[in-house]
Amino acid sequence: MLNTFFSSTFTVENLTHIPDKSSETVKEPLANIEFSQEDVMKLLQKLNTSKSPGPDKMHPRVLKECASPLALPLFILFRQSLGEGAVPEAWKDGHITVTPLFKKGTTARLATTVR
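Following my numbering, the numbering of the sequence shown begins with -16 at its first residue and continues without gaps.
Be aware that a few hints might be false.
Claimed, not checked - In the DSS-like style, the derived pairs of lysine-lysine whose C-alpha atoms are separated by at most 27 Å in a straight line are:
1) K75 <-> K29
2) K34 <-> K47
3) K40 <-> K75
4) K75 <-> K47
5) K29 <-> K47
6) K75 <-> K4
To be verified - Derived DEER-like restraints, expressed as beta-carbon distance ranges:
7) N(-14) <-> N15: 45 to 51 Å
8) W74 <-> K25: 19 to 25 Å
9) H42 <-> K4: 30 to 36 Å
To be clear, the hints were calculated from the coordinates, so they are not data collected in a lab.
No experiment lies behind these values; they were computed from the predicted model shown.
All residues carry an ideal CB built from backbone N, CA and C; glycine is no exception.
Between the sequences and the hints, there should be enough to build the whole structure, so can you do that?
Here you go:
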């Protein structure tokens, strides 16, 4: 049932021509964006500690409580990234995992028990 629904709502993409963006050079770096070390620290201090960690597995509470020592290295990293017009390769990795959450009962009824 779900397979039929999802297959009817999505289209099949043509994968024969995928543009290669890795060889493109930056035409105009984003160096004109102004922010300071203090701006980075203020943003770190505003993080919601009730939220879950992101893909980097770093909990917002750690970032918030370490805002002062982290502000300068993050400022340097962000400034360099904007100046070069590139982001570190590790920032491009998406580590997404899907974990089924079972409702009450046995997992044998998978199709009807997954949320």
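- Message: Hint check: K75 vs K29, CA-CA at most 27 Å. Holds or violated?
- Response: Roughly 25 Å between the alpha carbons, so the hint for K75 and K29 holds.
- Query: Is it true that the CA of K75 sits at most 27 Å from the CA of K4?
  - Reply: Status holds; Cα separation ~13 Å.
- Query: Within a Cα-Cα threshold of 27 Å, do K29 and K47 meet the stated pairing?
  - Reply: holds (7 Å)
- Could you tell me whether the CB distance from N(-14) to N15 stays inside 45 to 51 Å? For N15 against N(-14), whose Cβ atoms are near 49 Å apart, the range 45 to 51 Å holds.
- Task: With 30 to 36 Å as the target window, see if H42 and K4 comply at their CB atoms.
- Result: holds (33 Å)
- Query: Could one say that the CB atoms of W74 and K25 fall in the range 19 to 25 Å?
  - Reply: At roughly 22 Å between Cβ atoms, K25 and W74 fall inside 19 to 25 Å, so the hint holds.
- Message: So if I understand the rule, the pair passes when the alpha-carbon distance is 27 Å or less; does K75 with K47 pass?
- Response: Holds: K75 and K47 sit about 23 Å apart, inside 27 Å.
- Query: Is the Cα-Cα distance between K34 and K47 27 Å or less?
  - Reply: It holds: about 12 Å lies between the C-alpha atoms, which stays within 27 Å.
- Below or equal to 27 Å on CA atoms is what counts here, so check K40 against K75. Holds, because 15 Å separates the two Cα atoms, which is no more than 27 Å.
Of the hints listed earlier, there is not a single one the structure fails to meet.
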